[in-house]
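Participant: The listed protein sequences correspond, in order, to chains H and V.
Residue numbers for the first sequence follow our numbering, so the first one is 11 and each next one is one higher.
Residue numbers for the second sequence follow our numbering, so the first one is 11 and each next one is one higher.
Hint data in this document are derived by calculation from the structure and do not stem from the laboratory.
Bear in mind that the values here come from a model prediction, so they are computed numbers and not experimental data.
Please note that the accuracy of each hint is not assured.
[As the list claims (entries may be wrong)] Below, a list of computed lysine-lysine pairs in the DSS-like style, where the Cα atoms sit at most 27 Å apart:
{"id": "1", "chain 1": "V", "residue 1": "Lys198", "chain 2": "H", "residue 2": "Lys287"}
{"id": "2", "chain 1": "V", "residue 1": "Lys254", "chain 2": "H", "residue 2": "Lys287"}
{"id": "3", "chain 1": "V", "residue 1": "Lys13", "chain 2": "V", "residue 2": "Lys254"}
{"id": "4", "chain 1": "H", "residue 1": "Lys288", "chain 2": "V", "residue 2": "Lys213"}
{"id": "5", "chain 1": "H", "residue 1": "Lys114", "chain 2": "H", "residue 2": "Lys254"}
{"id": "6", "chain 1": "H", "residue 1": "Lys288", "chain 2": "V", "residue 2": "Lys210"}
{"id": "7", "chain 1": "V", "residue 1": "Lys198", "chain 2": "V", "residue 2": "Lys210"}
{"id": "8", "chain 1": "H", "residue 1": "Lys254", "chain 2": "V", "residue 2": "Lys287"}
{"id": "9", "chain 1": "H", "residue 1": "Lys213", "chain 2": "V", "residue 2": "Lys287"}
{"id": "10", "chain 1": "V", "residue 1": "Lys13", "chain 2": "H", "residue 2": "Lys287"}
{"id": "11", "chain 1": "V", "residue 1": "Lys114", "chain 2": "H", "residue 2": "Lys287"}
{"id": "12", "chain 1": "H", "residue 1": "Lys210", "chain 2": "V", "residue 2": "Lys288"}
{"id": "13", "chain 1": "H", "residue 1": "Lys213", "chain 2": "V", "residue 2": "Lys288"}
{"id": "14", "chain 1": "H", "residue 1": "Lys288", "chain 2": "V", "residue 2": "Lys13"}
{"id": "15", "chain 1": "V", "residue 1": "Lys210", "chain 2": "H", "residue 2": "Lys114"}
{"id": "16", "chain 1": "H", "residue 1": "Lys115", "chain 2": "H", "residue 2": "Lys213"}
{"id": "17", "chain 1": "H", "residue 1": "Lys287", "chain 2": "V", "residue 2": "Lys213"}
{"id": "18", "chain 1": "H", "residue 1": "Lys210", "chain 2": "V", "residue 2": "Lys287"}
{"id": "19", "chain 1": "H", "residue 1": "Lys47", "chain 2": "H", "residue 2": "Lys287"}
{"id": "20", "chain 1": "V", "residue 1": "Lys213", "chain 2": "V", "residue 2": "Lys47"}
{"id": "21", "chain 1": "H", "residue 1": "Lys198", "chain 2": "V", "residue 2": "Lys13"}
{"id": "22", "chain 1": "H", "residue 1": "Lys47", "chain 2": "H", "residue 2": "Lys115"}
{"id": "23", "chain 1": "H", "residue 1": "Lys287", "chain 2": "V", "residue 2": "Lys288"}
{"id": "24", "chain 1": "H", "residue 1": "Lys114", "chain 2": "H", "residue 2": "Lys47"}
{"id": "25", "chain 1": "V", "residue 1": "Lys166", "chain 2": "V", "residue 2": "Lys213"}
{"id": "26", "chain 1": "V", "residue 1": "Lys287", "chain 2": "V", "residue 2": "Lys47"}
{"id": "27", "chain 1": "H", "residue 1": "Lys198", "chain 2": "H", "residue 2": "Lys114"}
{"id": "28", "chain 1": "H", "residue 1": "Lys115", "chain 2": "H", "residue 2": "Lys166"}
[To be verified] Selected chain V positions facing chain H (in silico; Cβ < 7 Å):
{"id": "29", "residue": "Leu32"}
{"id": "30", "residue": "Ser33"}
{"id": "31", "residue": "Val35"}
{"id": "32", "residue": "Lys115"}
{"id": "33", "residue": "Lys288"}
[Stated by the list, open to error] Here are some, though not all, of the chain H residues that point toward chain V, as calculated from beta-carbon distances under 10 Å:
{"id": "34", "residue": "Ala62"}
{"id": "35", "residue": "Ala70"}
{"id": "36", "residue": "Arg73"}
{"id": "37", "residue": "Val100"}
{"id": "38", "residue": "Pro194"}
{"id": "39", "residue": "Lys213"}
{"id": "40", "residue": "Tyr214"}
Glycine included, each C-beta is placed from N, C-alpha and C at the ideal position.
Below are the chains, spelled out letter by letter.
Protein chains: 2
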Amino acid sequence: MPKSPWTADPAPLLFVGAGFELSGVDPDATPGFHGDKQDGERELEAVAPEVAGLQERLYAESRAGGVRRVLLILQAMDTAGKGGVIRHVVGEIDPQGTKVYGFKKPTPEELSHDFLWRVRAQVPGPGIVGVFDRSHYEDVLIGRVRQLAPPEEIEKRYRRITDFENELSAGGTTIVKVMLHISPDEQKARLAARLDREDKYWKYNPGDLDERALWPEYQEAYQIALERTSTSVAPWFVVPANHKWYARVAVQRLLLDALSRLDPAWPAATFDIAAEKKRLAAS
Amino acid sequence: MPKSPWTADPAPLLFVGAGFELSGVDPDATPGFHGDKQDGERELEAVAPEVAGLQERLYAESRAGGVRRVLLILQAMDTAGKGGVIRHVVGEIDPQGTKVYGFKKPTPEELSHDFLWRVRAQVPGPGIVGVFDRSHYEDVLIGRVRQLAPPEEIEKRYRRITDFENELSAGGTTIVKVMLHISPDEQKARLAARLDREDKYWKYNPGDLDERALWPEYQEAYQIALERTSTSVAPWFVVPANHKWYARVAVQRLLLDALSRLDPAWPAATFDIAAEKKRLAAS
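Between the sequences and the hints, there should be enough to build the whole structure, so can you do that?
Facilitator: Here you go:
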């Protein structure tokens, strides 16, 4: 068994606690990890079966009546790598045990309801690892920056969000919230790459540059959201993401931590094993 | 590049055409494949990126307005390996591009609607590879065997199903229907294994033996469903599944065929590439 490249548990290093300043986070850093891209990719592959195995146990628990589940919330500026995290980290779990939902610009019907309405509908079921690719946080991020709602409504949403997440937590949902943090220069390079490759054009949207122009406003909106909604039951983690391999392995570790703390056990048989063996033999 | 272990395209060998007899299919066979378990696993791994790549193109196409999508319908007797196919074949595709739905015993609300009501709600969106783990075919399988509806209603359903599938096809859905075919002895061995392992108890249900007792009735119901609903736009394939590795690699090949025939292309840029490069450089 090779030595773990983790020199420290990254969770406390990435956790958004008292006095957190987003501007103080270096997007190039790799907190807690000693190694390079190759080490990161090796670690990702080595840990994947552990995460998948824990999810399977959680699913088995749910079949016996358990209500616990995990919800990973991903937020980030464009190109930060949410898709890659989902593909490489969540993609290693049995697809029968995951539920990925991408929140797009709200439809007219969604807008006619409270902002949490469409979110409630996508909460994962028991035993499932759910992923929100964007989430209700858009309503205090682009919502704030673009003034999509009156300021007093935006102000109320932070509390509405923590109430909602407390309710989910009380109902058995372990919430892990991750902001993937890149630098403006890194975003520029990644957008340029999309403009250079025929197989990437579809990922590019001219509107992305309009949002990019509001970088400082978005960082401020993130700072406010992070400090007001990082709670003990629904903590935020800011993951430096200029190195894609680090972002992936760090989110995998946060997911592993969450599942390990749940420590799901195989449920006991709810039938008489010996009797069923006899029935089967006679069948 | 090693020689393909496929000596013949398995699709025509597995296809349910005129004169098909389920009783004539050997569950131990490995049609079209020359090799053993190790060759099968190697092939599965080698072809996975091709399937994932084609799905990504199909997704890109949908972002540019395309409506095409794929629906894999899996039916089988208990323990035949649907879950393993989903984990090992579908699990190699980006989870953002797949949608797996398991149909359980209908709820009272579902029963209050037409039998296709709950099915329509789970049809995959554009660009997605959807998987039905069980499906509307339950309504002519257990529905027929257990007489869950009057015989004349069951009789009508075959036509209702082909109409429904024709409609899906006309709307851009490529349908691939697979019955995983195991022998009663193989099922007995797999059920016995579930009774022998603490981590498998949760998969065992005493009711499974009640269904097992009706094996001939189920085979008859499958025969009728297969011959009445295998159409050119929604063909059935019966995949011998006593060898799990064969079932997986065969379903992968059917999925690859379906995606290859769609031959999705990267969409052209919908913006002025040079102009966007300039805007980006100035940002």
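Participant: Per the CB criterion, is H:Lys213 less than 10 Å away from chain V?
Facilitator: holds (8 Å)
Participant: For the pair we were handed, H:Lys210 and V:Lys287, check the Cα-Cα distance against 27 Å.
Facilitator: holds (14 Å)
Participant: For the pair we were handed, H:Lys288 and V:Lys13, check the Cα-Cα distance against 27 Å.
Facilitator: violated (47 Å)
Participant: Tell me if H:Val100 is really an interface residue toward chain V, meaning its C-beta lies closer than 10 Å to one of theirs.
Facilitator: holds (5 Å)
Participant: Given the hinted pair H:Lys47 and H:Lys115, is their Cα-Cα distance within 27 Å?
Facilitator: violated (34 Å)
Participant: Using the nearest Cβ pair, does V:Lys115 come within less than 7 Å of chain H?
Facilitator: violated (14 Å)
Participant: Need the status of pair H:Lys114, H:Lys254: alpha-carbon distance at most 27 Å?
Facilitator: holds (23 Å)
Participant: Against chain H, is V:Leu32 within 7 Å by beta-carbon distance?
Facilitator: violated (21 Å)
Participant: Given the proposed pairing of V:Lys166 with V:Lys213, does the C-alpha separation stay at or below 27 Å?
Facilitator: Judged against 27 Å, a Cα distance of about 34 Å means the pair is violated.
Participant: What's the verdict on H:Lys288 and V:Lys213, does the C-alpha distance respect the 27 Å limit or exceed it?
Facilitator: Given that 27 Å is the threshold and the Cα spacing comes to 18 Å, the pair holds.
Participant: Against chain V, is H:Ala62 within 10 Å by beta-carbon distance?
Facilitator: holds (9 Å)
Participant: Sort out whether H:Lys287 lies within 27 Å of V:Lys114, counting only the CA atoms.
Facilitator: Holds, at about 25 Å.
The structure fails to meet hints 10, 14, 15, 19, 21, 22, 23, 24, 25, 26, 29, 30, 31, 32 and 33 from the earlier list, while all remaining hints are met.
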